[in-house]
Amino acid sequence: MTTETKTRTEAVARSRSYADEPAVAAIAAARAPRPEAERQKIRVDGLNVFFGPQQALYDVDISFPEQQVVALIGPSGCGKTTLLRTLNRMTELVPRSRHEGDVRLDGASIFGPEVDVVDLRRKVGMVFQRPNPFPMSILDNVTFGPRRHGVRNRALLGEIAEQSLRSAALWDEVKDKLNQSALGLSGGQQQRLCIARALAVQPEVLLMDEPTSALDPISTGKVEDLVRQLAETYTLVLVTHSLPQAGRVADRVAFLLSGRVVEEGTAQAIFTRPKDARTEDYLTGRLG
Amino acid sequence: MTTHEAAEAARLRLRHAEAVGAASVRTRRARSARGYLVLGLATVAILAALFPLVDIIALVTVHGIAAMKLSLFTTVTSGVAGGLQNAILGTLVLVAGGMIIAGPLGVFTGIYLAEWAEPRVAAVLRYLSDVLVGVPSIVIGYFGFAVFVTGLGWGFSLAAGAIALATFMLPYIVRTTELALTKVPGELREGSLALGITRGRTIHSVSLPVAAPGILTGLLLALGIGLGETAPLIYTASWSNYDPHLVPTHSPVGYLTYVVWTFINQPFSASHELAYAAALLLLIGVLVLNLVARQLLVGRQAD
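Heads up: the sequence lines are chains P and E, in that order. Reminder that position 4 of the first sequence reads as 0 in the numbering used here, one-by-one numbering, no gaps. Add 27 to a position in the second sequence, counting from 1, and you land on the number used in the numbering used here.
This is chain P alone, in the form it adopts within the complex:
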């Protein structure tokens, strides 16, 4: 996505949020509040992340409760994507990146010497901003992960594929053309295929980096419904530029600004009575 379109999308999201701000709050409030999570799936403690001389995150403390959707919101460049990508150590792919502090998954540090990053990324899956299906068949896309991890049994692979595609609400649309190229699917279908592909390696956490920013409104609606369904099983972290989207799908919301978490709480609390003036400024379109 070019910066230009990105700023435009943001501007649209902002203007909408300004106009619909009470509506967003209403949406968040109308959803039955989910019971407090029994335990925290991921805990981030005093996290600092640097890219070369630049610091992207400052002293981030945040928890991600099990089977809930946490939305990370904030203006461009605030560090929400960096935070997301630190959770499965994808930030390490950037040359000269380093971190201080700790991230614990189920109580164990993800940076520990005994941790296999391959293992971590299998458990903490990721969906990207733009659909990125591999140039191969739909079936091969979904079974790509399990096959590379060593599953050979064809029947089992087929079963995993069907289950994953069903979970991603795509099965009915593609079951008759599993052997066709994934590149022939629409953008929304491709994104759900990428979700199915991520689910196929049986993750526990799913990280989503603006998963609907490249999609039309109908596809966006489908993916949002899917996010709610997935929260029944998985722990989800969602980066989004759309406040209405955060209102529709998030249990909790964290507002980031300039690499710091300004405020974090239930979606209802954040949208109806933000404690920090900067959060309120952002929600009402005065900041960003």
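Worth double-checking, as some hints may not be accurate.
As the list claims (entries may be wrong) - Simulated crosslink set (SDA-like; lysine to any residue; CA at most 20 Å straight-line):
1) P:Lys173 <-> P:Gly146
2) P:Lys171 <-> P:Leu135
3) P:Lys119 <-> P:Met132
4) E:Lys210 <-> P:Leu89
5) P:Lys119 <-> E:Val65
6) E:Lys210 <-> P:Pro91
7) P:Lys119 <-> E:Arg226
8) E:Lys210 <-> P:Arg126
9) E:Lys210 <-> P:Met132
Since the hints were derived computationally from the structure, they do not count as laboratory data.
Given chain P, put chain E in place with the hints provided.
Here is chain E on its own, set in the frame of chain P:
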């Protein structure tokens, strides 16, 4: 903005518009003259560049076709006459040998540069690879002579010739492989890594299949380059009137470029015919390889 400011801005705009418009009219003729001059120079340059090319192709084709006969393919060279069987087979084994060495080496180096190397290490390797492109081929030939032919005592041989050719082909393969891999969208690579797939498997299952046409193109172009080289072979494979013996050392090998290079200087029409026939065969070989490579590239862009 006050009314006064607005009026002032409008006045300035008008003045600037007049000035730029007037200047544009003044220089119109000069501009168009300069345009014609550039066009003329470009046309002359193109003709100057095209003429030798067309001339070479026409000359080689006309003389080559005239010299073509079946016995070229069935008999070996004797003295400065006879056939080209030894040279054709020799060129094939030398180029194949060079590719067997340079292909895997170059592709793996390219993979390393694109996927693994630290930026600084990559920059150094890339620089060395570029230097290798710039080394005159006769120097590579002499290197082969000094190291393999006399140094290791292999004599004029297939191994020495193939290694010298491989040295010449290597940087092209490294560069095209690296380029093809860096063109693979980062999103695909990240998509695979995020599934918990190792880097090696990501390269094998995602990056390489996507980059394959580009890599193959590079290999074919390197084949074409190897096919047309003389200098790396003169001091390493030397020349032989006999079909190549498939032994690595102590057995010189003949090849087509040698025929072109040497026989055209002989005062016999029979040797001239051989030279033109060899040149035509080389031309066809290089042309076919380039066409196939181009086809691969076009096919990739159509995806």
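| Is lysine 210 of chain E within 20 Å of arginine 126 of chain P, Cα to Cα? | 17 Å, holds
| query | Regarding the pair lysine 210 of chain E and proline 91 of chain P, is the alpha-carbon distance no greater than 20 Å? | reply | Since the Cα atoms of lysine 210 of chain E and proline 91 of chain P sit roughly 18 Å apart, the hinted pair holds (cutoff 20 Å).
| said: For lysine 173 of chain P and glycine 146 of chain P, compute the direct alpha-carbon distance and say whether it is at most 20 Å. | reply: Roughly 25 Å between the alpha carbons, so the hint for lysine 173 of chain P and glycine 146 of chain P is violated.
| For the pair supplied as a hint, lysine 210 of chain E and methionine 132 of chain P, is the alpha-carbon distance within the 20 Å limit? | Given that 20 Å is the threshold and the Cα spacing comes to 18 Å, the pair holds.
| query | Is it true that the CA of lysine 210 of chain E sits at most 20 Å from the CA of leucine 89 of chain P? | reply | This hinted pair holds, its Cα atoms lying about 17 Å apart.
| said: So if I understand the rule, the pair passes when the alpha-carbon distance is 20 Å or less; does lysine 119 of chain P with arginine 226 of chain E pass? | reply: Between lysine 119 of chain P and arginine 226 of chain E the Cα gap is close to 17 Å, so the pair holds against 20 Å.
| Restraint check for lysine 171 of chain P with leucine 135 of chain P, where alpha carbons must lie at most 20 Å apart | Holds, because 9 Å separates the two Cα atoms, which is no more than 20 Å.
| Hey, lysine 119 of chain P versus valine 65 of chain E, does the alpha-carbon distance stay inside 20 Å? | Violated, at about 63 Å.
| Between lysine 119 of chain P and methionine 132 of chain P, is the straight-line Cα distance small enough, at 20 Å or below? | 24 Å, violated
Hint check: violations occur at hints 1, 3 and 5; the rest are consistent with the structure.
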